[in-house]
Amino acid sequence: MAVHEKITIAKAINASLRASMDADPKVLVMGEDVGKLGGVFRVTDGLQKDFGEDRVIDTPLAESGIVGTAIGLALRGYRPVVEIQFDGFVFPAYDQIVTQLAKMHARALGKIKVPVVIRIPYAGGIGAVEHHSESPEALFAHVAGLKIVTPSNSSDAYWMLQQAIAGDDPVIYFEPKRRYHDKSRLDTESIPDPLHKARITQSGSDLTLAAYGPMVKVCLDVAKVAAEEGKSVEVVDLRSLSPIDFDTLQSSVQKTGRLVVVHEAPVFFGAGAEIAARITERCFYHLEAPVLRVGGFHAPYPPSRLEDEYLPGLDRVLDAVDRALAY
Amino acid sequence: MTVEGTAQRKNTRGGSKRTTAKKATPAKKASPAKARPNGRADEAEQDQLVQLLTPEGKRVEHPDYAIDLSPEELRGLYRDMVLTRKFDAEATTLQRQGELGLWASLLGQEAAQIGSARALRDDDYVFPTYREHGVAWCRGVDPTNLLGMFRGVNNGGWDPNSNNFHLYTIVIGSQTLHATGYAMGVQKDGTDSAVIAYFGDGASSQGDVAESFTFSAVYNAPVVFFCQNNQWAISEPTEKQTRVPLYQRARGFGFPGVRVDGNDVLACLAVTKAALERARTGQGPMLIEAFTYRMGAHTTSDDPTRYRGDEERVAWEAKDPILRLRTYLEAEGLVDEAFLAAIDEESEALGKRVRDAVRAMPDPDTMAIFENVYADGHALVDEERAQFAAYQASFVDADVLAEGN
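Protein chains in written order, with the working numbering: chain A, 1 to 327; chain B, 1 to 405.
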């Protein structure tokens, strides 16, 4: 892998899995169609050919079974990286994730570790049928014992997955599926940021936009348009939702005085609610406006012909920026 | 294990008239795969029951499952069962005295647990439910360790790898998948260890159990599924879980299933040994249905008088696992008064040790709430721990101030 090559997020994840499997023979890849097919998004393309069926495992079509057996494999000393084919299909495994995976380390008073990584392609924007465009991250961030991360670019996709696999905690790694084929530079040589550190992707002074995963690109576009209108917008890529790097966000908001949180997931009880509450506590005397949120509605994810209206896009985020700046 | 409100469960059966000790009608060889309106064991199925020691304590042979134990081993099984029953009774008493918040008694299931667990090798791995006190005993887990979660001082707490005995699992059936995954790992490691997953008749309805059957069959994983069919899932009889005898479920998944007399410690030992041997030699999973009876309540929160009658219990009392082995040992002259007296003494000593240990069990430090949530730490846990510590310290400061005045 050449340094500084521009590659897609999907290829970066593939390279990351290869690097992890090369580095540690205990790393396994398992899921539906991850073998010969290379996954429905081809993220695991060629892995079974190179690492064999013993390490790249096509599983029966049963998500609870995938996560439950991954827990058993982890207890035996393996490091399974499981793929849930689509966000909307994770729920049969929700019980295993919440009642078993998240709590096992604590129940054993720290005497066992359960390093399972669950990769989930998530969120919308690909014109899919129902259950293929969900953003369930808040349902997992609410659960102690799990770590939740989501990259927005190829370099983060590459490094964050390896960091997740190398760690001893269960991690849910949400992959922004509509960005799978976006190309960005992959830096394989620099020392990566810590897994749970947020990053200021665009510097600004009037307002902070906090986003993650697929919405980071939207927010960067917003910052460009806002700049043309003479507004200086800072964009923070949170990268991690459990834990959230509130220190970085706090510094940003103390500088700009305004915060808009953007995510695809429904606003109600979403990540933005938690962020708004905590940033209000931390930055009360610095805030020039209430923390605003842009996200999905309290309605089922709509049929794909409506998703462009449903998803937060440039205009809806700009509208929130304007409202925040109007205070 | 639904801990809360079990006593409030509605009795939907309108009084139990069911008896498990049905008298035999002349043996008709019904097709075992045929669904019956009532999934109870009828005579044809009872023919399938592997038994090596009758309820009357008579030793019988089975064409597929032989066993040859030394007098020492036989006495050992008896001792295991008596001590396990004693420990269990002690725990029930401790719950009644308020020392434990809850207890799930294994009364009646001693043979199923001791027989199966004594078939295991040290390098085998056990995934229990929350009622496997006899299995834990055989694995060398200190009985007092089991009581922590029932007292409310931890949620498990022992090191599963010390005795290859995983934590008790309360969410019904979940552990069968962990066992299967663990067995897949054993297979990858190329060792000849085996894994055993315990579960019950209620759990057999769980999707996780079905998925564990599928995964273990597909990967030919070295796992034995040991189902203790104790006839009752809290208030629901087995016919609310299945229309076919549970052991027959295995066939549809592509591996053998067998029903064993769960109150016959010799049969449970012989069948489990054979199943483990299959697993070790690459022949894949097997399902054992140990046909037994939950003599007590589901847990100390339960009230079985609301849903089942005494006659059933009385019928099963005649099949008591400890009594039948004792009858056999005495008839064969394998035990004497001195041996039985020594077991009684040991039993009393165990009871006292358990009582003392539970009463001396300290409450955990408050800050234990924040411990081991993550292996590698978590910023939010650190923040909340610090905030809570500061909050608590504020009370200490107030006390100090008050004293100062």
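Hints should not be assumed to be uniformly reliable.
Said to hold, decoys possible - With a cut-off of at most 25 Å between alpha-carbon atoms, the simulated DSS-like pairs for lysine-lysine come out as follows:
#, chain 1, residue 1, chain 2, residue 2
1, A, 26, B, 352
2, A, 36, B, 188
3, A, 113, B, 352
4, B, 188, A, 49
5, B, 58, B, 352
6, B, 352, A, 111
7, A, 224, A, 255
8, A, 49, A, 36
9, A, 183, A, 6
10, A, 197, A, 183
11, A, 6, A, 113
12, B, 188, B, 86
13, A, 6, A, 26
14, A, 183, A, 224
15, A, 113, A, 49
Claimed, not checked - Chain B is faced by these chain A residues, among others (derived, beta-carbon under 7 Å):
#, residue
16, 51
17, 52
18, 60
19, 61
20, 64
21, 71
22, 75
23, 107
24, 112
25, 192
26, 194
27, 204
Don't read these hints as lab results, they were simulated from the structure. Beta carbons: idealized from backbone N, C-alpha and C, even for Gly.
**Study point:** Violated hints - listed by number, lowest first
**Key:** 1, 3, 5, 6, 11, 12, 13, 15, 16, 17, 19, 25, 26, 27
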